[in-house]
Every structure is written in structure tokens, then in C-alpha cells.
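Number of protein chains: 2
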Amino acid sequence: MEIQVVENVLKLNDELAALNRQNLHAAGVVSIDVMGAPGCGKTALIEATIPLLAPIRVGVIVGDLATQRDAQRLARATSQVVQINTGKTCHLEAHHVRQAIGRLDLRQLDLLFIENVGNLICPVGFDLGQDVKVGVFAVTDGDDKAAKHPYIVTESQVLILTKIDLIPHVPFDLDLFRADVKRLNPDVTLLELSSTSGQGMQAWVEWVKSRMICASGHAESLPG
Amino acid sequence: MEIQVVENVLKLNDELAALNRQNLHAAGVVSIDVMGAPGCGKTALIEATIPLLAPIRVGVIVGDLATQRDAQRLARATSQVVQINTGKTCHLEAHHVRQAIGRLDLRQLDLLFIENVGNLICPVGFDLGQDVKVGVFAVTDGDDKAAKHPYIVTESQVLILTKIDLIPHVPFDLDLFRADVKRLNPDVTLLELSSTSGQGMQAWVEWVKSRMICASGHAESLPG
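Same order as they appear, the protein sequences are chains B and P. Our numbering puts the first residue of the first sequence at 1, with every later residue one more than the last. Our numbering puts the first residue of the second sequence at 1001, with every later residue one more than the last.
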């Protein structure tokens, strides 16, 4: 009985995710699900990325158990922000995103970041209708986090290691981290950056732009 | 149907948790469930605490999705360590702890740390049979984490803010964090410390010792 229920929940989620994907593609919007532990720097990354992407028009859906704090921060970078408060739910599901999409003007957007609830585990299994899943790790959280959370590594198309400006102040074996990532997912793109210092941000911005070109099928559709 | 299943799972968990509590109390072992985000410093805290508690005899049950890395680290501090690999399960449940207790020699222990899977959300709702729930936050994860994860704040008896040696290097409004904690749980004990520099560790060690005295009902039963 239990397995049946879980299957039903996931089936409903997948149906709504397909609907989200269809709606976003119809509007020409590329979407990126940003996943990572609480405090790894997801909001800071998106905040720093938006101005670097101009004139690409960026919206953000941001999930947290509680508070509007992330939306307030992101509202300084774009007017198209929707905060979802999940209560006790530890990840975003497709129905959350569906609800939030309804509050955005998709015709005014080229790119949508979906900032998931801070959690290295639960968000991985839920399709939201995104084009890309990005997993974020921070050097301040230790060099063992890829090995200890293999599913986010294997299910992401891009992994970002943030806060590299803090490497001088924390014990972090960069070679060990890179080797764990490579072993778990040889094909993943690993980008090392700091949203604060700006180091490595350009490579990430270029990756997003190239992904948008792939999605649109032709470079001419990109603004700018 | 779904709610029924969830209720059954939680009911079974509570029954096993009660059994764990009974077994631990019968053996005179006080147990502390340590919860917090991935990389917030749970293992480092336990590693640094064990030698400061001597001659109190400490065991550790440590939960991760994958790897034995935490157990390997903790084995340098105590011989009584059991690693649980939960696979894709995002928190420890009472049956995990029951299994792990069976592999410990409780007669050789006074205190048991149960290091939960790195996750600020899911572990909160599961009774493991512990005497105390401790929630851990790190300054490197940002000053908004208490407000954004209210349930771990309200359900913990002690909150620890770790990595305070890194405060000079990160933006962290200590007054804001303290105010959020106070608002959400006026009765909680908040301890600010660094497992690396040792700052604040003595207050935490004293708190653990006093909690053990409460649990045993009389100070004389404490070793040392």
C-alpha cells in the first residue's frame, strides 16, 4: 500500500512537471532548478548572476519552509520573483512551481531560476519541469559532501562549488572533492566560483547562455 | 489513504523510539540527537567534544546517505562508532538507531551521540528515542537559517551556532540570528562555539554534563 501511494504521488508530480515544461517551452522560457544545502549560497549565486546575464530577462521562483527573505533579496535584482513557503515540505514539487508560474508574466521572461528548498537530498527526486538541474556545494560545508550526497551529483547536469574565496580559511581538499565528483558523474560540468568576489562567475554565465542557445535551437533568439 | 500510511509509519517509528529509549535508560546511557544541515559541523563538534568529556564514555551512531567517512573520523575519538548508510532516506528513523544500538556495548557507555543525516528539515519530525534534540547552525550558512527553518528551532532543547571563528570572513548578523531564535523558541539554550578554535566549547561540555546529571537523577552516578 505504501509503495502504491508513493508511486501515485510521483506520477501526479511527473504529470504536472510535464505541463510546466510545456508551458515554459511554449513561452520560450529556459528553466534551471538550483538545488543545494541550506546556506550553500543559492540565493547569492542567483543574485549575482542576474545582472551579468542582462539583457536576458530573468525571473525567480524561490522555495523556503518559511519567510519571504529570499524573495526580498532577489527583488532587488528582478521584479519577477515569486516566493513559495512550503511549510514543513522539504523540497519543491511540480504543483508549487505550477502555482508560481501562474503568478509570473512568462512573455516578459527568457530564463527562470527555480531556487529549491535548502536540502541536498529530497529535491533531487522531484521533476519540476525544469530544463536543467544544477547542484550547489560550498567549500565551507567540507570536501566530503559530494561523496556523501551522491544522488545530487549523478542527477545534476552542472555542479557548482561556491564560496571559493573562503578556501584560505577552511580545511577543504579541492583534489578530493573533484575526484569524488568525477568518479560519481564523469560527464557533469563542475564550475568553481565565488558570488562574492566574482571569481569564476563568467564561466557560469557563459554556460547559462550556451544552454539557452541549445534550448532555443538557434542563437538569434537570444536577446542581446 | 496517503495520510493513513504516513500515520502508520510515524506510529511504528514512535513505538521503536520508545523501545530505544527504554533500552538506553535501562543501560544508564544518555542520548543526544545532533541535527543540522550538511557541512554545518556536526561531526567536527562531536569529535572535539568526546575528549573534553573524559572520563565519560561516549559512543556515536552516525547517519549518512553514503560513505563511512564520518565513522572513520569519529573512530579516532572513540572505539564505539556505528555508521548507518540510509541510501536515499533523508533522515534517521528509530529502526536505524535500534539496529545500531544492537552493535554497541551499552554497558561500556555513559553517553551516546546520534549524528543525524545532514538535513535541517526532515530529521526534526522523527523521534529516535533520544533524551535531547540539539540543532546545529553554522555562521558560514548565513544568519537567516533559524528564521527559514523554524521547526528545528522550536523542536530542539539546545541550539548550537558553530564556526564562530569564521565570523570575520563572512557576512553574519549575530543580533538578527539571536533575535530570530529568541522569537521562535524563547526557552531554548543557544550556545555559540567553534570546534576548531575551541571557543565556547567549555559551555557546551558543561551543558552536556549537567544534562547527564539531570538524566541520572543524582550527580554521584557520573564518572569522573
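Derived by calculation from the structure, the hints in this document are not laboratory data. Note that the structure is predicted; figures quoted are calculated from it, not measured. Hints are not guaranteed to be accurate.
[Unchecked claim] With beta-carbon atoms standing in for the labels, derived distance ranges:
no.: 1; chain 1: P; residue 1: Glu1206; chain 2: B; residue 2: Asp187; range: 28 to 36 Å
no.: 2; chain 1: P; residue 1: Gln1099; chain 2: B; residue 2: Val6; range: 19 to 27 Å
no.: 3; chain 1: P; residue 1: Ala1054; chain 2: B; residue 2: Arg76; range: 48 to 56 Å
no.: 4; chain 1: P; residue 1: Gln1022; chain 2: B; residue 2: Gly87; range: 43 to 51 Å
no.: 5; chain 1: P; residue 1: Ala1054; chain 2: B; residue 2: Pro171; range: 49 to 57 Å
no.: 6; chain 1: P; residue 1: Lys1182; chain 2: B; residue 2: Ala77; range: 42 to 50 Å
no.: 7; chain 1: B; residue 1: Ser79; chain 2: P; residue 2: Asp1173; range: 24 to 32 Å
Glycine residues also receive a C-beta, built at the ideal position from the N, C-alpha and C atoms.
- [ ] Note whether the CB distance of P:Glu1206 and B:Asp187 lies within 28 to 36 Å or breaks it.
- [x] The hint (28 to 36 Å, Cβ to Cβ) is violated, given that P:Glu1206 and B:Asp187 are roughly 51 Å apart.
- [ ] Could you check the hint for me, namely that P:Gln1022 and B:Gly87 are 43 to 51 Å apart, CB to CB?
- [x] Given about 33 Å between the Cβ atoms, the range is violated.
TODO: Please test the hint of 24 to 32 Å on the beta carbon pair from B:Ser79 and P:Asp1173.
DONE: 26 Å, holds
Open item on the list: Can you tell me whether the CB distance of P:Ala1054 to B:Arg76 sits inside 48 to 56 Å?
Closed with: 51 Å, holds
Open item on the list: The hint says 49 to 57 Å between P:Ala1054 and B:Pro171; measuring C-beta to C-beta, is that right?
Closed with: 25 Å, violated
Open item on the list: Holds or violated: the 42 to 50 Å window for the beta-carbon distance between P:Lys1182 and B:Ala77?
Closed with: 31 Å, violated
Task: B:Val6 and P:Gln1099 - C-beta distance against the hinted 19 to 27 Å - done: About 23 Å separates the Cβ atoms of P:Gln1099 and B:Val6, which means 19 to 27 Å holds.
Checked against the numbered hints listed earlier, the structure breaks hints 1, 4, 5, 6; every other hint is satisfied.
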